[in-house]
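Residue numbers (this note's numbering), protein chains in the order written: chain A, 2 to 378; chain B, 8 to 330.
Just so you know, these hints were derived from the structure itself, not from any lab. All C-beta atoms, glycine included, are put in the ideal place defined by N, C-alpha and C. Treat the hints with care, as some may be off.
Said to hold, decoys possible - In silico DSBU-like pairs for lysine-lysine, Cα to Cα no more than 35 angstroms straight-line:
{"hint": "1", "chain 1": "A", "residue 1": "Lys268", "chain 2": "B", "residue 2": "Lys142"}
{"hint": "2", "chain 1": "A", "residue 1": "Lys19", "chain 2": "A", "residue 2": "Lys319"}
{"hint": "3", "chain 1": "B", "residue 1": "Lys290", "chain 2": "A", "residue 2": "Lys102"}
{"hint": "4", "chain 1": "B", "residue 1": "Lys311", "chain 2": "B", "residue 2": "Lys128"}
{"hint": "5", "chain 1": "A", "residue 1": "Lys268", "chain 2": "B", "residue 2": "Lys311"}
{"hint": "6", "chain 1": "B", "residue 1": "Lys290", "chain 2": "B", "residue 2": "Lys309"}
{"hint": "7", "chain 1": "A", "residue 1": "Lys218", "chain 2": "A", "residue 2": "Lys102"}
{"hint": "8", "chain 1": "A", "residue 1": "Lys268", "chain 2": "A", "residue 2": "Lys65"}
{"hint": "9", "chain 1": "A", "residue 1": "Lys319", "chain 2": "A", "residue 2": "Lys268"}
{"hint": "10", "chain 1": "B", "residue 1": "Lys311", "chain 2": "B", "residue 2": "Lys290"}
{"hint": "11", "chain 1": "A", "residue 1": "Lys319", "chain 2": "A", "residue 2": "Lys21"}
{"hint": "12", "chain 1": "B", "residue 1": "Lys142", "chain 2": "A", "residue 2": "Lys102"}
{"hint": "13", "chain 1": "A", "residue 1": "Lys245", "chain 2": "A", "residue 2": "Lys65"}
{"hint": "14", "chain 1": "A", "residue 1": "Lys102", "chain 2": "B", "residue 2": "Lys309"}
{"hint": "15", "chain 1": "A", "residue 1": "Lys245", "chain 2": "A", "residue 2": "Lys319"}
As the list claims (entries may be wrong) - Chain A side only, calculated, beta carbon under 8 angstroms to chain B, not exhaustive:
{"hint": "16", "residue": "Pro35"}
{"hint": "17", "residue": "Ile168"}
{"hint": "18", "residue": "Val347"}
Single-letter residue listing:
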Amino acid sequence: MSEVEVNKPSKRPIFPYKIKVENRVENPPRWLSPLLSVVAVVIALLVGALVIRIAGGQPWAVYKHIAKYSFGSLGVLSDTMVKAIPLMLVGLACSIAFRMKLWNIGAEGQFFLGAFGASMVVLLPILPEDAPQWLFIITMAVFGMVFGALWGFIPGFLKARYNVNEIISTLMMNYIAIEWNNYFIYAVWTEGGFQMSRMFQRNAWLPRLSDLAGRWKVFSGLTTHLGLAFAVAAAVILWFVLAKTQWGYEIRLIGDNPRAAEYAGVKIGRNIILVMMVSGALAGLAGMSEISGVVHRLQGAISPGYGYTGIIIAWLAKLNPLAVIVASILFGALILAGREVQPSGVPTLIQGVIMVSLIASDFFLRNRVRIIRRVED
Amino acid sequence: MDLLIVLASGVATGTVLLYATVGEIFSERSGILNLGVEGMMLLGAMTAYRFSATTGNPWIGLLVAMLAAGLISQVHAFIAITLQADQVISGLALNFLATGVSLVFGEGLTSLRDVVPQLPKLTIPLLNQIPILGKVFFTNHSIMVFIGYLFVPLAWYYINRTRPGLHLRAVGEYPAAADTLGIRVFGLRYFYVFVGGLLAGLAGATISLSISPGWFGVLTTSGQGWIAIGLVIFAQWNPIRAAFGAFTFGALRRLVLDIQGPSIILGLANPFFYNTYYGFFLKMLPYAFTVIFLVIGSREAKRKRIGTPAALGLPYIRGQRGL
């Protein structure tokens, strides 16, 4: 086992203590991992404050502004949830893939293809315009998931069959997906030459809380839509699959020790393709829920990089599907209220610092760091 | 559409990929996978543009860009080498960090167009008289293109024929053995991640000060850092093959832009001229080709048994069994 001595022992210790690092043999305490996640967020906020300060702003005022405009009232809380819905789904998409150490960073592209598939139902059209709302929602969700899964299948197949690095291939598929959507937005489904499709009719919208305002007055003006139920349900199902089923066990085994998994007879190639497709389907569902629940049309700017934020969320949640829900709400707030922060790159920077501190802090999960008294030689 | 012009601008565009790819080759040859190339390039492009604007000297901009990207690469080096974290996820983190820093400090730079001094362009006398090649490779190119020509063989020679190059390869193939021989594994890995950062910064600076001058936020690099990482695999960690791949890709990127120009190609009506919307499919091509290149690279690697550096992506922990 490795022992790194940070302070070189000198003959006459000026400081009678030294830091000793040793590998953890036992599992780290349960509270440590969430604590490190919180610390990472705090560090990121501090760095963000420093940058805002350098740029001549008032960090405290900015953070108060973010808190007020994301959690301050029922209305903005509802908007935060709206931003959190796609984040939950892409965060889950990344979590399941990362759990197998399958680096799907193509959630962004799968999101766009999901949006495309869902739009197809309305715009092609697959369903007649006056079909019932429940039928629209189900069909759009299925199309979104199928198209997202298809976009995940391609890199999954290439990885399983030709051992093509999935990091690069999924990322390239992101750029291709955006151009693919652009073609349809500009050339096929354009409305009057604008770079967007026509507005979907009302029965292709996901119901919102405000639709219930007739019965309960509290809900008036709240934009949170049914996608939240999709996302939470997906999180619970995914948690169950990963923690309690044989397939989930196989995924975790491949992630932890692929060689052992192979000896145990787990079909790795098949699982790569399957997990990529499930991951893609989740991201596709995120695209569908954004299109059907928020934007109500197909257009170019439907994602401020949800797919990439999903990577950080998955890591912040330590790949735990239930924790993804919490992490997504936090990032939903950051994206929602962070839009007005100057300089405008600050939210991206905060995300970056969170990610860096998280990964650095994993060191404490793998190692014990103790301060011990120097022993006289 | 003059094919020679397309090829010539392909060489210019490819130069960006060239620096980034060779930089990543250095890093990966030492055993450290750095996925932060895109972010480091962006940081380089932003810093170069900013410092070229404030100092009025593009060379200072270039130098600061290299240093900035080199410094930020050390974040990844620390996490991957000293803290022994997963290199994939750490590289992604570096990407987010570098992108964030670039966006914060790049604010307001877009409006500086036309006042930022650029790197000079040159034509090499005599060599530009060579038929075809002279026009493609030696006429009216950015000085960075010519530095690139010199840099590739030097990089190849350094890696394959010198003692420090031998140490570099040893550290990436079998760090435990290298350590036994007294080669400083940790120090060298830090150093070559730094070199990778310097070159990624150089690549970014080449974009913003010369090839397509300006600062356009994340669109400045538009995925070229990722293409470079893909090219490393295609190039099988060899700078010469990397140059071949980079110039091919550069030409492809240009072709995609230029093919929409003429109304007739090869005696046929040009569909991309008559329906400009097909341009979206053209824009997919560089990314699609990267995937195809990866398939080719992976298959070839399997056949020839030349693979990745054996210790790539694995943290070296002294005293532990294995590589």
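Item to check | Straight-line alpha-carbon gap Lys319(A) to Lys268(A), limit 35 angstroms | outcome: holds, 25 angstroms
Checklist entry - Do the alpha carbons of Lys102(A) and Lys309(B) lie within 35 angstroms of each other, as the hint requires? => result Holds: Lys102(A) and Lys309(B) sit about 22 angstroms apart, inside 35 angstroms.
Checklist entry - Is the hinted pair Lys218(A) and Lys102(A) satisfied, with a Cα-Cα distance of at most 35 angstroms? => result violated, 47 angstroms
Item to check | Restraint satisfaction for Ile168(A) [CB to CB of chain B, less than 8 angstroms] | outcome: holds, 7 angstroms
Item to check | 35 angstroms Cα cutoff - pair Lys245(A), Lys319(A) | outcome: Within the cut-off at roughly 18 angstroms; holds.
Next on the checklist: Checking one constraint from the list: CA of Lys290(B) to CA of Lys102(A), max 35 angstroms. Satisfied?
Outcome noted: Between Lys290(B) and Lys102(A) the Cα gap is close to 31 angstroms, so the pair holds against 35 angstroms.
Checklist entry - Are Lys290(B) and Lys309(B) close enough, with their CA atoms no more than 35 angstroms apart? => result holds, 30 angstroms
Item to check | Pair hint outcome, Lys142(B) versus Lys102(A) [Cα-Cα no greater than 35 angstroms] | outcome: Not OK: Lys142(B) and Lys102(A) at ~48 angstroms, beyond 35 angstroms, violated.
Checklist entry - For the pair supplied as a hint, Lys319(A) and Lys21(A), is the alpha-carbon distance within the 35 angstroms limit? => result Holds. Lys319(A) to Lys21(A) sits at ~26 angstroms (cutoff 35 angstroms).
Checklist entry - Going by Cβ atoms only, is Val347(A) closer than 8 angstroms to chain B? => result holds, 6 angstroms
Checklist entry - Is it true that the CA of Lys311(B) sits at most 35 angstroms from the CA of Lys290(B)? => result holds, 33 angstroms
Item to check | Proposed proximity, Lys319(A) with Lys19(A) (alpha carbon, max 35 angstroms) | outcome: holds, 31 angstroms
Checked against the numbered hints above, the structure breaks hints 1, 4, 7, 8, 12, 13 and 16 and satisfies the rest.
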